[in-house]
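S.K.: Listed below, chain by chain, are the residues.
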Amino acid sequence: MGDDLLAGLLQAMDMVVFERRPDGAFVTITEPPRWFALMNADLRFPFLGHILAEAGDFWDRRVPGVQDWGPAAELDEHGKEFHYKVMAVQAEERQYLVFQLDRGSDRTREMLQKVRERSLAESTRSKRTTSLASDARHTVADIHDLLARLRATGLTQAQTDVMAEVTDVLDELLMSIDRVARSSQAPV
Amino acid sequence: MIQKKICLIGGFGVGKTSLVSQFVHSIFSDKYLTTVGVKIEKKSLVLKEQDLDLVIWDLYGEDDFQKVRMSYLRGASGYLLVADGTRRTTLDTALALHEAADRTIGHVPFVLVLNKADLSAQWELDEGAIVRLMQSGWRVLRTSAKTGIGVEEAFITLGNAMLSE
Numbered sequence: 233m234g235d236d237l238l239a240g241l242l243q244a245m246d247m248v249v250f251e252r253r254p255d256g257a258f259v260t261i262t263e264p265p266r267w268f269a270l271m272n273a274d275l276r277f278p279f280l281g282h283i284l285a286e287a288g289d290f291w292d293r294r295v296p297g298v299q300d301w302g303p304a305a306e307l308d309e310h311g312k313e314f315h316y317k318v319m320a321v322q323a324e325e326r327q328y329l330v331f332q333l334d335r336g337s338d339r340t341r342e343m344l345q346k347v348r349e350r351s352l353a354e355s356t357r358s359k360r361t362t363s364l365a366s367d368a369r370h371t372v373a374d375i376h377d378l379l380a381r382l383r384a385t386g387l388t389q390a391q392t393d394v395m396a397e398v399t400d401v402l403d404e405l406l407m408s409i410d411r412v413a414r415s416s417q418a419p420v
Numbered sequence: 008m009i010q011k012k013i014c015l016i017g018g019f020g021v022g023k024t025s026l027v028s029q030f031v032h033s034i035f036s037d038k039y040l041t042t043v044g045v046k047i048e049k050k051s052l053v054l055k056e057q058d059l060d061l062v063i064w065d066l067y068g069e070d071d072f073q074k075v076r077m078s079y080l081r082g083a084s085g086y087l088l089v090a091d092g093t094r095r096t097t098l099d100t101a102l103a104l105h106e107a108a109d110r111t112i113g114h115v116p117f118v119l120v121l122n123k124a125d126l127s128a129q130w131e132l133d134e135g136a137i138v139r140l141m142q143s144g145w146r147v148l149r150t151s152a153k154t155g156i157g158v159e160e161a162f163i164t165l166g167n168a169m170l171s172e
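In order, the protein sequences belong to chains A and B. Convert by adding 232 to the 1-based position in the first sequence; the result is the number in my numbering. Convert by adding 7 to the 1-based position in the second sequence; the result is the number in my numbering.
Everything labelled a hint here was simulated from the structure, so no lab data went into it. No false leads were slipped in.
Subject to a maximum C-alpha distance of 27 Å in a straight line, what follows is the list of computed DSSO-like cross-link-like pairs (lysine-lysine):
1) B:50 - A:317
2) B:38 - B:153
3) A:346 - B:74
4) B:153 - A:312
5) B:50 - B:153
6) B:11 - B:74
7) B:74 - A:359
8) B:74 - B:49
9) B:11 - B:49
10) B:55 - B:11
11) B:74 - A:317
12) A:312 - B:74
13) B:11 - B:153
14) B:49 - A:312
15) B:11 - A:317
16) B:38 - A:346
17) B:38 - B:50
18) A:346 - A:312
19) B:38 - A:312
20) B:38 - B:49
21) B:38 - A:359
22) B:153 - B:49
23) A:359 - B:153
24) B:50 - A:312
25) B:49 - A:317
26) B:50 - B:11
27) A:346 - A:359
28) B:74 - B:38
29) B:153 - A:346
30) A:317 - A:346
Partner residues aside, some chain B positions facing chain A, computed with beta carbon under 7 Å:
31) 19
32) 20
33) 41
34) 43
35) 44
36) 45
37) 46
38) 47
39) 62
Each residue gets a CB set at the ideal place from its N, CA and C atoms; glycine is no exception.
Model the full structure from these sequences, guided by the hints.
M.R.: Written out as structure tokens, the structure reads:
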């Protein structure tokens, strides 16, 4: 593959490739794209320093393959966040350090955001339901107490029958409350 | 000038990014925005008459979909372990992350941050468990990234602990 073709391909893939020379120096094999230039400020390189320490161990093993890190977030000149990944590559005897813009991170974030927002909303709903169920149980218990006090005053048969029906209704209500409370705690 | 790397770790949605944003930029946004990957910020402090540059690694929140890559903690002189006071499970996540961090980088200073203190009516954490952690020597602080309460104190407490090491 010609140098121009390779450069074009890497550029199209938002990649910057450095070859690691035997003396440890890094030499860029293509012209870095614009987004990469943004990473020269002092804040960015703590992440690179972290990678280089681990990448050094990877290259020292001299086993062909790839080890990757990231995504890491940066801000562009307009304050918009972008993400990139870094790869250490061992290809035969050659070693490379590759930076690639990670456009997939936006999709990942979108998906995670939806799942997590749903989970947080579900958690809030579940807590609210549990709290309402607890309040309802207390109310039912209070009504049972009132009924017991009424019974103690002495009732006619008709009143006793009505009281028995009210008690049944309260028991059914309690079961419904428990069912709702249980279903709200079931995993989404 | 002393430079120290610190990390923020915790479950998702506990407010790690908001804490950093409040501490570094004095900005809070009510909108929850998932962090993907690693964000690095920097803040200079003067502690114990020393200039301290904090390099703050805000790591994505842990959940079933994203496990925190503990190697990102390598080189950290300390960390903030963040839980959301209104969600009990986030303390369990924080405790598990603390154990993992301990295994990865050994004993370094850390502060357990119980965030969202402005939502005290919805507080869910077991006070007994918190007291027991404090009695066992943990530094525990309540913060609100929204109001700013306790935020600077959390970072300063960690900074002082690191300088005392």
